[in-house]
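From first to last, the protein sequence lines are chains S and G. Number 282 in the working numbering belongs to position 292 of the first sequence; there are no gaps in the numbering. Number 40 in the working numbering belongs to position 50 of the second sequence; there are no gaps in the numbering.
Hints should not be assumed to be uniformly reliable.
As the list makes no split between identical chains, a pair holds if one copy fits it or if it spans any two.
Within a straight-line C-alpha distance of at most 25 Å, the following computed DSS-like cross-link-like pairs (lysine-lysine) qualify [to be verified]: (1) K214 to K95; (2) K50 to K95; (3) K73 to K275; (4) K4 to K73; (5) K95 to K15; (6) K50 to K289; (7) K214 to K277.
No lab work stands behind these hints, which were simulated from the structure alone. Just so you know, these numbers come straight off a predicted model, no measurement behind them.
There are 2 protein chains.
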Amino acid sequence: MDMDLLTETVARIKGQDGAARSQAKERLDQLIMPHWALGRMMDLALDLAGICGSVHPAVKRKTIVVMAGDHGITEAGVSLFPKEVTVEMVRGFVNGFAGINVLAKQAGATVKIVDMGVAEDLGSMAEGGAIIDRKIAFGTANFADGPAMSRDQAIQALEAGIDVAQELAESTDIFGTGDMGIGNTSPSSAMVAAFCRLPVAEVVGRGTGLDDAQLENKIAILEKALELNHPDPADPIDVLAKVGGFEIAGIAGLILGAAAAAKPIVIDGFISTAGALLAARLSPKSKEYMIAAHRSVEKGQVAALADLGKEPLLDLQFRLGEGTGAAVAMNLVDGAVAILTEMATFSEAAVSEAK
Amino acid sequence: MDMDLLTETVARIKGQDGAARSQAKERLDQLIMPHWALGRMMDLALDLAGICGSVHPAVKRKTIVVMAGDHGITEAGVSLFPKEVTVEMVRGFVNGFAGINVLAKQAGATVKIVDMGVAEDLGSMAEGGAIIDRKIAFGTANFADGPAMSRDQAIQALEAGIDVAQELAESTDIFGTGDMGIGNTSPSSAMVAAFCRLPVAEVVGRGTGLDDAQLENKIAILEKALELNHPDPADPIDVLAKVGGFEIAGIAGLILGAAAAAKPIVIDGFISTAGALLAARLSPKSKEYMIAAHRSVEKGQVAALADLGKEPLLDLQFRLGEGTGAAVAMNLVDGAVAILTEMATFSEAAVSEAK
Chain S
-9 MDMDLLTETV ARIKGQDGAA RSQAKERLDQ LIMPHWALGR MMDLALDLAG
41 ICGSVHPAVK RKTIVVMAGD HGITEAGVSL FPKEVTVEMV RGFVNGFAGI
91 NVLAKQAGAT VKIVDMGVAE DLGSMAEGGA IIDRKIAFGT ANFADGPAMS
141 RDQAIQALEA GIDVAQELAE STDIFGTGDM GIGNTSPSSA MVAAFCRLPV
191 AEVVGRGTGL DDAQLENKIA ILEKALELNH PDPADPIDVL AKVGGFEIAG
241 IAGLILGAAA AAKPIVIDGF ISTAGALLAA RLSPKSKEYM IAAHRSVEKG
291 QVAALADLGK EPLLDLQFRL GEGTGAAVAM NLVDGAVAIL TEMATFSEAA
341 VSEAK
Chain G
-9 MDMDLLTETV ARIKGQDGAA RSQAKERLDQ LIMPHWALGR MMDLALDLAG
41 ICGSVHPAVK RKTIVVMAGD HGITEAGVSL FPKEVTVEMV RGFVNGFAGI
91 NVLAKQAGAT VKIVDMGVAE DLGSMAEGGA IIDRKIAFGT ANFADGPAMS
141 RDQAIQALEA GIDVAQELAE STDIFGTGDM GIGNTSPSSA MVAAFCRLPV
191 AEVVGRGTGL DDAQLENKIA ILEKALELNH PDPADPIDVL AKVGGFEIAG
241 IAGLILGAAA AAKPIVIDGF ISTAGALLAA RLSPKSKEYM IAAHRSVEKG
291 QVAALADLGK EPLLDLQFRL GEGTGAAVAM NLVDGAVAIL TEMATFSEAA
341 VSEAK
């Protein structure tokens, strides 16, 4: 496996357009209201202008990409739900009645589901075009016993995410990330612990609802797994291969692909933020394209967001994933663009300014 | 002026429907996701079911009512903007290019503007039907020198708000509150200080952007005004008459009217929360119909929200008013209803539950 697509994609990520950002700032400074009185939605408008390179940033065609994969670490008993739920939920997404379906619909977003590494054959669903098949393997290996995947698979998974971004970029103005994978708070926590050089206990949460004893167990398993695998924080692909997941790689690849195409990408909760951290390690400039949607209940996200320098827009006590937080945040994106493009300035409206 | 409409309206406020709330809870508990994994939007869905008395709460027809009024206290120099801006902004609302217009449009909400007491004659705008004329007077008196309004005017203003709610209730599923009135953080702070028995300095903020010296001045003016007027916290109408405002009374009346019609009402920022506090003092049960939209930059809102027992949905560093926070929160209302009514349960979807 060569690194061509990955290397080339990273090289294409330029960062925000300073001129468009300045132009947007100038307009926002003059809108008919006390200065910057719509606070964070104006900050968001600035970012959208910088990312899209326009004071009329396009955000109409919204695509939330739900990356799905399974995790060998579930064998160690880190999750309340059986692994089979991953494929059951993927079926739920296809049928349209899961959380992400209804919240994406509310926000005017399309949902695309990608099989990055679900442990069952989704052939029948993939054939109908309901899901995009980029399966790397039937789930990762149990990283309590050794690496989650090979280095080649890690690169392959990242490139699959990039590829999906490229494929969807033509019909997408703004991306959102999402995830499905029973057990995936474990690799996410392990990745954040490795990248941020933090003790496991500081970045592990209750996932789908562990009690105190189960949480202690999860921490112990991840501590041992990190000791065993010893991922190198300076080598992002090593971290991914040793303690990551296929859907997390897919999210990171999607972010890099979106950034290379100069499209904004709304980052969902903890799993997506772990993917964003991986993307940022591969391309620090990719951070300029990321919009942090919401603060997850999972505490590991705090460290990851701080590392990325991002403050999430929402705090609604979500802990679902799937892209649900990204979907809700899409409403704020629309609002931010409306502020930038539809409000009048003081002079346009002939309204008296502050003394 | 008799108190018939006010008394009768308060008597009609029944509180949430416990049966519909329980039914909604039962369904939400079984949706295909870890328990309550969409956190605050599920709490919101419960409230909407309880308020509307249905597990299919209607929220489609959204009306944000912007109450406008002027304030004699501006003569004391409490605001950066001249009083004339109130009418200029009302004209902006009518023309459709202010913050509330664009954010309401994004959220699918209609904006109604009510002249509760603007200091100019808005006859020409009122004639076209662009604004609802409920003018009590050409602005309040300067409450640094005596009461802001008479007790009769206070009741009249509350009843005007109730009347507007009744008039709009037929074409409205869910209300939002909004305000416009240069100087209106001053009466709002004074009301919150009086109702919550707090020192003025704890509930006064920078309004449209005061510097430190101007803030100190505002605090001193309000301290003196409260000492002079000595409003009785146990008599809500006394507090309103002595240190309130016409648009704040209109907001309180609107809330009471919405509650009496069993419609949810989304409470905007600081001025609206002061109005909500007044409504709650007149009818504690009216709190059950209120949805707190966002945390304002104005610090007086903290005390008012705590008194109401409400945690706002959003914190976007808004300090504009107009109903802008309520408009953004309407998106979350739609999402909450979608979760309640469109997601499948575990048994409907045949997805395995937690072990």
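Hint-by-hint comparison with the structure:
1. K214 to K95: Intra 42 Å, inter 53 Å, cutoff 25 Å: neither.
2. K50 to K95: Intra 13 Å, inter 15 Å, cutoff 25 Å: intra and inter.
3. K73 to K275: neither (35 Å within a copy, 46 Å between copies)
4. K4 to K73: Classified as neither: same-chain Cα gap 39 Å, cross-chain 47 Å, threshold 25 Å.
5. K95 to K15: between (31 Å within a copy, 23 Å between copies)
6. K50 to K289: neither (32 Å within a copy, 36 Å between copies)
7. K214 to K277: neither (31 Å within a copy, 51 Å between copies)
Of the numbered hints stated above, those contradicted by the structure are hints 1, 3, 4, 6, 7, listed in ascending order.
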